[in-house]
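Trainee: These are the residues of each chain, in order.
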Amino acid sequence: MSTDTPPPVQSNKLVEVVSGITVRLAGDSGDGMQLLGTQLTNTSALAGNDVATFPDFPAEIRAPRGTRAGVSGFQVQFAAHEVHTPGDTLDALVAMNPAALVTNLSDLRPGGLLIVDEDSFEAKDLKLANLSTNPLEEPWTENYRLAKVPMTKLTRTAVAELGLSMKEADRCRNFFAMGMVYWLYGRDMDATMRFIKAKFSRLPEVQEANERALKAGWAFGETTELLGTSYQVEKAELPPGKYRNIMGNQALAWGLMTAANLSKKELFYGSYPITPASDILHELCKFKNYGVCTVQAEDEIAAVCAAIGAAYGGSMAVTTSSGPGIALKAEAMGLAVMIELPLLVINVQRGGPSTGLPTKTEQADLLQMLHGRNGEAPIPVLAAQSPGDCFDTAIEAWRIATQFMVPVVILSDGYIANGAEPWRVPDIAAMDPISIEHPTEFNHGDEFWPYARDRNLARPWAIPGTPNLMHRVGGLEKQDGTGNVSYDPDNHEKMVKTRAQKVANIARVIPPQKVNGPESGELLVLSWGGTYGACHTAVTKAMDAGLSVAHCHLRHMNPFPANLGEILSRYEQVLVPELNMGQLRMLIRDRFLVDAIGYNKVQGKPFSVSELLDKICEMAATESNKLCESKAG
Amino acid sequence: MSSELPVLKASDFASDQDIRWCPGCGDYSILAQMKKMLPDLGLPQEQIVFISGIGCSSRFPYYMNTYGMHSIHGRAPAFATGLRVTRPDLKVFVITGDGDSLSIGGNHFIHMLRRNVDVTMVLFNNRIYGLTKGQYSPTSPEGQVTKSTPMGSVDHPLNPISVALGAEAGFIARSVDSNIKHLAATLYRAAQHRGTSLVEVYQNCNVFNDGAFSYAQDKATRADTTLELEHGKPMIFGKNRDKGVRLNGLRPEVVDLSTGISHDDLLFHDEQADTALVHILAKMRHPEMPEPIGVFRDVEKGIFEDQVRGQLNTAVEKKGAGDLVKLFASGETWDVE
Numbered sequence: 001m002s003t004d005t006p007p008p009v010q011s012n013k014l015v016e017v018v019s020g021i022t023v024r025l026a027g028d029s030g031d032g033m034q035l036l037g038t039q040l041t042n043t044s045a046l047a048g049n050d051v052a053t054f055p056d057f058p059a060e061i062r063a064p065r066g067t068r069a070g071v072s073g074f075q076v077q078f079a080a081h082e083v084h085t086p087g088d089t090l091d092a093l094v095a096m097n098p099a100a101l102v103t104n105l106s107d108l109r110p111g112g113l114l115i116v117d118e119d120s121f122e123a124k125d126l127k128l129a130n131l132s133t134n135p136l137e138e139p140w141t142e143n144y145r146l147a148k149v150p151m152t153k154l155t156r157t158a159v160a161e162l163g164l165s166m167k168e169a170d171r172c173r174n175f176f177a178m179g180m181v182y183w184l185y186g187r188d189m190d191a192t193m194r195f196i197k198a199k200f201s202r203l204p205e206v207q208e209a210n211e212r213a214l215k216a217g218w219a220f221g222e223t224t225e226l227l228g229t230s231y232q233v234e235k236a237e238l239p240p241g242k243y244r245n246i247m248g249n250q251a252l253a254w255g256l257m258t259a260a261n262l263s264k265k266e267l268f269y270g271s272y273p274i275t276p277a278s279d280i281l282h283e284l285c286k287f288k289n290y291g292v293c294t295v296q297a298e299d300e301i302a303a304v305c306a307a308i309g310a311a312y313g314g315s316m317a318v319t320t321s322s323g324p325g326i327a328l329k330a331e332a333m334g335l336a337v338m339i340e341l342p343l344l345v346i347n348v349q350r351g352g353p354s355t356g357l358p359t360k361t362e363q364a365d366l367l368q369m370l371h372g373r374n375g376e377a378p379i380p381v382l383a384a385q386s387p388g389d390c391f392d393t394a395i396e397a398w399r400i401a402t403q404f405m406v407p408v409v410i411l412s413d414g415y416i417a418n419g420a421e422p423w424r425v426p427d428i429a430a431m432d433p434i435s436i437e438h439p440t441e442f443n444h445g446d447e448f449w450p451y452a453r454d455r456n457l458a459r460p461w462a463i464p465g466t467p468n469l470m471h472r473v474g475g476l477e478k479q480d481g482t483g484n485v486s487y488d489p490d491n492h493e494k495m496v497k498t499r500a501q502k503v504a505n506i507a508r509v510i511p512p513q514k515v516n517g518p519e520s521g522e523l524l525v526l527s528w529g530g531t532y533g534a535c536h537t538a539v540t541k542a543m544d545a546g547l548s549v550a551h552c553h554l555r556h557m558n559p560f561p562a563n564l565g566e567i568l569s570r571y572e573q574v575l576v577p578e579l580n581m582g583q584l585r586m587l588i589r590d591r592f593l594v595d596a597i598g599y600n601k602v603q604g605k606p607f608s609v610s611e612l613l614d615k616i617c618e619m620a621a622t623e624s625n626k627l628c629e630s631k632a633g
Numbered sequence: 001m002s003s004e005l006p007v008l009k010a011s012d013f014a015s016d017q018d019i020r021w022c023p024g025c026g027d028y029s030i031l032a033q034m035k036k037m038l039p040d041l042g043l044p045q046e047q048i049v050f051i052s053g054i055g056c057s058s059r060f061p062y063y064m065n066t067y068g069m070h071s072i073h074g075r076a077p078a079f080a081t082g083l084r085v086t087r088p089d090l091k092v093f094v095i096t097g098d099g100d101s102l103s104i105g106g107n108h109f110i111h112m113l114r115r116n117v118d119v120t121m122v123l124f125n126n127r128i129y130g131l132t133k134g135q136y137s138p139t140s141p142e143g144q145v146t147k148s149t150p151m152g153s154v155d156h157p158l159n160p161i162s163v164a165l166g167a168e169a170g171f172i173a174r175s176v177d178s179n180i181k182h183l184a185a186t187l188y189r190a191a192q193h194r195g196t197s198l199v200e201v202y203q204n205c206n207v208f209n210d211g212a213f214s215y216a217q218d219k220a221t222r223a224d225t226t227l228e229l230e231h232g233k234p235m236i237f238g239k240n241r242d243k244g245v246r247l248n249g250l251r252p253e254v255v256d257l258s259t260g261i262s263h264d265d266l267l268f269h270d271e272q273a274d275t276a277l278v279h280i281l282a283k284m285r286h287p288e289m290p291e292p293i294g295v296f297r298d299v300e301k302g303i304f305e306d307q308v309r310g311q312l313n314t315a316v317e318k319k320g321a322g323d324l325v326k327l328f329a330s331g332e333t334w335d336v337e
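Sequence lines, in order, name chains A and B.
Taken in order, the first sequence gives residues 1 to 633; the numbers are from my numbering.
Taken in order, the second sequence gives residues 1 to 337; the numbers are from my numbering.
It is worth saying that the hints were derived from the structure and are not from the lab.
Mixed in with the good hints, there may be bad ones.
Unchecked claim - Pairs of lysine to aspartate or glutamate, DMTMM-like flavour, derived with a Cα cap of 20 angstroms: (1) 283/B - 89/B; (2) 286/A - 323/B; (3) 283/B - 168/B; (4) 242/A - 332/B; (5) 286/A - 18/B; (6) 286/A - 142/B; (7) 326/B - 618/A; (8) 318/B - 283/A; (9) 326/B - 488/A.
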């Protein structure tokens with residue numbers, strides 16, 4: 001692609017080649033840190049690195065400026081090899097103010113690069129951050145490579161000729177910081193220049209100012225001695241194909257649209273805004289010309305009910321929420337179980353209970369999804385493992401829903417939802433279609449039985465408008481076959497068992513569970529959902545260190561894959577790391593009588609690789625912890 | 001088209017299910033008038049869907065030989081909204097009660113009305129909870145003694161017509177279970193209306209709240225206690241059509257027509273009036289005033305599903321039909337060899 005910006009990556013300075021970098025950008029929630037992080041992610045992916053991100057922001061829209069509560073961060077790891085997490089410790093931290101510095105410093109590795117805007121360390125800034133002294137003047141700074149950059153003044157100077165107000169000029173400060181970071185890691189500025197042009201096309205002065213700030217930041221890195229060495233991260237070896245960056249919520253939306261396409265259905269999406277699920281609604285709203293019909297309902301209950309109404313009419317019906325909203329949807333989900341219609345319910349989990357930690361991640365809704373309804377109301381549950389995997393999970397869930405005539409739950413979480421990774425663009429033409437049949441004729445002599453069963457125990461999906469097949473569905477127990485209301489005790493038990501068997505039968509069509517690592521051994525790490533990256537990375541490191549460890553990552557939470565029990569029996573110990581108090585562990589113990597050990601964290605934060613590795617070493621390195629420490633660390 | 005359709009009878013709309021309402025329940029009359037009215041719509045059974053919530057009234061779909069869904073408490077409007085948006089070819093009825101739609105379902109009730117989804121909603125109002133055996137409802141009068149209000153209800157009752165007006169509903173009507181001609185005609189008009197049409201039906205629960213509306217039901221008294229609204233006509237009522245309603249300032253008052261007051265002095269009913277008059281009608285309650293029955297309001301306005309689907313069509317016109325292959329290849333992509 002042609003460019004009118006200077007070739008940026010040919011620095012005259014010393015360039016060190018490294019295999020990967022973890023950097024966090026932290027500032028006030030109005031400073032544009034999320035934008036900066038997204039740009040760095042895209043640019044790094046375009047450069048051929050594998051990337052993983054972790055945006056972390058406060059629940060308050062604008063917490064008081066400069067305070068610790070208002071700090072917004074964006075972490076990205078980019079590497080010349082496959083990465084599955086946004087990284088544990090930071091190689092570099094950019095802190096735009098004192099509050100951002102003190103709340104993020106503990107994650108910076110000793111000797112790491114710390115870049116601060118020294119203009120933001122005035123007395124008033126320190127006071128806002130609740131600091132009595134200037135941290136930059138304290139001895140701890142010797143542990144890091146500290147670069148004090150007058151970013152505010154330099155940005156003002158760079159945009160001085162454009163006649164912007166001071167406030168407008170200062171808003172370009174994030175692009176100055178971006179320029180420095182781009183210089184530091186040899187990033188190409190083209191994509192960001194295109195972004196600036198598109199975003200500020202109606203504000204030419206602002207566009208010009210941001211471009212200047214970006215270039216000035218880059219030039220600052222190149223011309224001063226302050227940042228020292230720059231780094232180069234080679235392209236990662238990924239499977240061949242066309243790639244793009246994708247975020248979890250976006251991938252879910254695109255997966256839903258693809259599932260609709262594969263099943264030749266209109267997508268109906270009923271939703272009510274809730275963090276961190278709202279971006280699925282925002283994404284789907286853009287695609288009305290794809291036949292995506294979205295309704296922002298008056299509440300969570302109406303959202304799921306409207307979806308069920310659409311399912312009754314024959315559409316692909318979806319509703320999404322997070323834990324508190326799912327709690328409200330529970331009764332209607334039970335109705336969907338009872339009337340046996342396909343429906344997707346997506347839970348993008350966040351910290352709970354109740355309102356909990358809206359912008360932080362947790363995995364604590366597993367039991368809610370499995371059991372959070374009245375009566376015996378089994379629902380299949382699938383969990384996505386990464387941003388890109390949300391796409392495939394959505395399609396598989398819809399396949400199951402229509403094949404078995406059941407509502408299906410998809411579990412995601414805030415970490416996956418807002419995280420991004422390179423995604424290999426799939427070939428839709430090569431995907432198996434999802435075939436759906438709506439009956440048009442009697443299925444029982446000269447009658448239509450709405451609760452007749454096929455070999456999956458699924459009932460026929462006859463839709464209104466079909467002559468002669470008029471029938472009534474509802475939440476009252478139905479007589480087997482005819483679908484008439486029935487209070488017969490034996491019939492009720494039969495129907496309860498049939499609904500349960502129908503869900504259990506799904507285990508026949510899902511692929512057998514795979515294990516990464518040795519087929520048997522000392523320790524099996526059993527994980528699910530968004531902890532995939534950290535668990536995979538930790539187990540891989542442990543295996544490299546010679547430990548007898550394998551990793552089994554579940555997508556199918558209900559029913560479990562048919563071979564799971566057999567897998568569990570092959571290992572001496574089973575470790576179940578979860579961002580909850582042990583929900584999968586409880587199920588595993590209950591279902592398989594395996595004495596699984598939990599590793600549980602409920603801090604609103606994802607696992608770090610190192611903490612998992614420590615636990616694995618503690619359990620598996622029976623002979624020598626030294627081996628573990630020396631090779632895995 | 002319609003000439004090709006077989007002519008349906010009321011019995012064609014009856015399902016094979018036994019009806020299990022209490023003997024003497026007003027619901028029977030509403031069911032009968034619905035079945036009687038439906039053939040006049042000229043629609044085959046398969047194009048009609050009845051959706052209900054929970055309560056005695058909400059068993060209604062099981063008794064109809066149409067498509068139907070007996071859903072969950074108070075949420076029928078939401079199910080109906082999802083169905084209408086995706087299947088505008090279907091005729092959708094919502095069957096609900098005063099507890100179902102005004103208490104637990106109050107939220108969905110107002111939102112369906114303000115969105116103006118093309119649904120005909122029949123609200124069976126018996127001023128009591130029947131299925132849960134006799135607790136007071138949002139329309140029970142203050143002071144009503146029930147199982148849950150042994151010292152009398154202290155809640156101020158909700159007036160469904162006023163709530164519907166507040167939600168800017170396009171079609172609002174009221175009828176009475178025992179006034180079968182009026183009921184059938186009102187249901188027919190509601191079903192013909194494009195947009196949400198609400199019919200409140202005074203319905204007798206002879207087990208838990210017998211006679212709550214006897215003044216409006218009894219043939220002997222109803223001519224004097226109710227006022228049949230007729231578009232463009234003066235408001236006259238009474239067995240001998242000797243009483244009228246006129247406005248005194250902003251207050252309605254009953255006048256005796258035998259004293260020389262002319263028809264021109266009376267209030268004239270205007271179904272399209274977007275004025276305070278319709279609110280005044282909604283507040284006319286027995287025994288101070290005759291209670292209006294018939295169509296309070298009938299105005300056309302934008303229909304929710306038309307607009308939702310219109311946006312889908314406009315998007316296709318502007319951007320062309322969506323192409324996932326193009327979408328996935330859009331934006332910043334790169335190739336790995």
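Trainee: For each hint, tell me whether it holds in the structure or not.
Mentor: Checked hints:
{"no.": "1", "hint": "283/B - 89/B", "in the structure": "violated, 37 angstroms"}
{"no.": "2", "hint": "286/A - 323/B", "in the structure": "holds, 13 angstroms"}
{"no.": "3", "hint": "283/B - 168/B", "in the structure": "holds, 16 angstroms"}
{"no.": "4", "hint": "242/A - 332/B", "in the structure": "holds, 11 angstroms"}
{"no.": "5", "hint": "286/A - 18/B", "in the structure": "violated, 49 angstroms"}
{"no.": "6", "hint": "286/A - 142/B", "in the structure": "violated, 50 angstroms"}
{"no.": "7", "hint": "326/B - 618/A", "in the structure": "violated, 50 angstroms"}
{"no.": "8", "hint": "318/B - 283/A", "in the structure": "holds, 18 angstroms"}
{"no.": "9", "hint": "326/B - 488/A", "in the structure": "violated, 55 angstroms"}
Comparing the model with each earlier hint shows violations of hints 1, 5, 6, 7, 9; every other hint is respected.
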